[in-house]
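**Student:** Could you slot chain W onto chain R? The hints should help.
Listed below, chain by chain, are the residues.
There are 2 protein chains.
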Amino acid sequence: MDYYSNQIRKLIDELSRLPGIGTKSAARLAFHLIHMPVPDVKRLAGTMVEARENVRYCKECCTLTDQDLCPICANADRDHKTIMVVENTRDLAAYEKTGKYEGVYHVLHGAISPMLGIGPGDIKLKELIARLEKEVDEVIVATNSSLEGETTAMYISKLIKPTGIKVSRIASGVPVGGDLEYIDEVTLLRALDGRTEL
Amino acid sequence: MDYYSNQIRKLIDELSRLPGIGTKSAARLAFHLIHMPVPDVKRLAGTMVEARENVRYCKECCTLTDQDLCPICANADRDHKTIMVVENTRDLAAYEKTGKYEGVYHVLHGAISPMLGIGPGDIKLKELIARLEKEVDEVIVATNSSLEGETTAMYISKLIKPTGIKVSRIASGVPVGGDLEYIDEVTLLRALDGRTEL
Chain R
1 MDYYSNQIRK
11 LIDELSRLPG
21 IGTKSAARLA
31 FHLIHMPVPD
41 VKRLAGTMVE
51 ARENVRYCKE
61 CCTLTDQDLC
71 PICANADRDH
81 KTIMVVENTR
91 DLAAYEKTGK
101 YEGVYHVLHG
111 AISPMLGIGP
121 GDIKLKELIA
131 RLEKEVDEVI
141 VATNSSLEGE
151 TTAMYISKLI
161 KPTGIKVSRI
171 ASGVPVGGDL
181 EYIDEVTLLR
191 ALDGRTEL
Chain W
1001 MDYYSNQIRK
1011 LIDELSRLPG
1021 IGTKSAARLA
1031 FHLIHMPVPD
1041 VKRLAGTMVE
1051 ARENVRYCKE
1061 CCTLTDQDLC
1071 PICANADRDH
1081 KTIMVVENTR
1091 DLAAYEKTGK
1101 YEGVYHVLHG
1111 AISPMLGIGP
1121 GDIKLKELIA
1131 RLEKEVDEVI
1141 VATNSSLEGE
1151 TTAMYISKLI
1161 KPTGIKVSRI
1171 ASGVPVGGDL
1181 EYIDEVTLLR
1191 ALDGRTEL
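So the protein lines, in turn, are chains R and W.
Counting with my numbering, you get residues 1 to 198 for the letters of the first sequence.
Counting with my numbering, you get residues 1001 to 1198 for the letters of the second sequence.
Next up, chain R with everything else stripped away, as it sits in the complex:
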């Protein structure tokens, strides 16, 4: 890449290390940045460093936030007795976008994966168990419908059941608008098993 001068090459190298950004996208981004007004580039760079330095885990639900307590945990109007367990902050955002869930969350930051060497101690399970000391009515396990997500759900269910707290799992089945023809067999069988009376 000696056709690009040193600092351009360095910038492309740095950008291409980000996930989902190949060399071509990195070059496109780099030239876009070089053409942006200086204050805009500085603001973007500053926001990155600031977010990295200030964002931490919410001391209640472990989501990523820039305060001690995230906006959801700090909201007295939410139902703090219902905890939805999700794998990461983006999954939390997905449920928040529905605007219908009134409870609070617990973010695990991962899922149990023997394949990747991620055990129960590597995700925020201790913190979940600690929260059950307070009054909790129900724990809704909303980990992904993948092998790792299901393993984690089973593990959590076994862990919580002895305490007498209700543990539920979000339904797995045919997505709304989905055409049965194109749905995989495992999902079809799940949908059949999870059928509800009309």
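Quick caveat, the hints were computed from the structure, so don't treat them as lab data.
Heads up, a few of these hints could be off.
As the list claims (entries may be wrong) - Quick list of in silico lysine to aspartate or glutamate cross-link-like pairs, DMTMM-like style, CA-CA up to 25 Å:
#1 W:K1010 <-> R:E50
#2 R:K126 <-> R:E138
#3 R:K124 <-> R:E102
#4 W:K1158 <-> W:D1193
#5 R:K42 <-> W:E1050
#6 R:K24 <-> W:D1040
#7 W:K1010 <-> R:E96
Stated by the list, open to error - With the Cβ distance kept under 8 Å, some of the chain R side facing chain W (calculated, not the full set):
#8 N6
#9 Q7
#10 F31
#11 V38
#12 R43
#13 M48
Heads up, the beta-carbon is just placed ideally off N, CA and C, and yes, glycines get one too.
**Tutor:** Structure of chain W alone, referenced to chain R:
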């Protein structure tokens, strides 16, 4: 987006303004950045600002570079009497990657586009004409094979021909490995017009 705390939302907003990055990719990038080691984020941010502040136009060929003269113009081994005109620095890089072109370049930073209101005065044409004062054997026009690229090529050719300097245009035709069946008609006719004797 009040399910994300302030600084995370700000970071996602900033990132989603970059070209080719939608809200979902921006969220993915933001969380990646938040999980990166602090020194790495600082290095990336620093590289961005540094490149933006130091990169300028090469005073000879107008490519983007962090020195007064770009590595190609500074290289005495290149043929400075042959100038290839390209639309941007990435196009220059594309020809440099072939490793076969020995001449120098001229980067226009755009193409004439009446549709977008970009006239001859908005691209680096004055700088090209100024270079012709020195001894130049040939100007190879390698603007894109688009409407804007072709318009620009015609304009340059009309501008330079009176000076007696040779002006050529890179060939337009079927790409190597291309299947005629899938090539558009305009390209097929171009390839026919540009046929060479075997």
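**Student:** Hint by hint, which ones does this structure get wrong, listed from lowest number up?
**Tutor:** none
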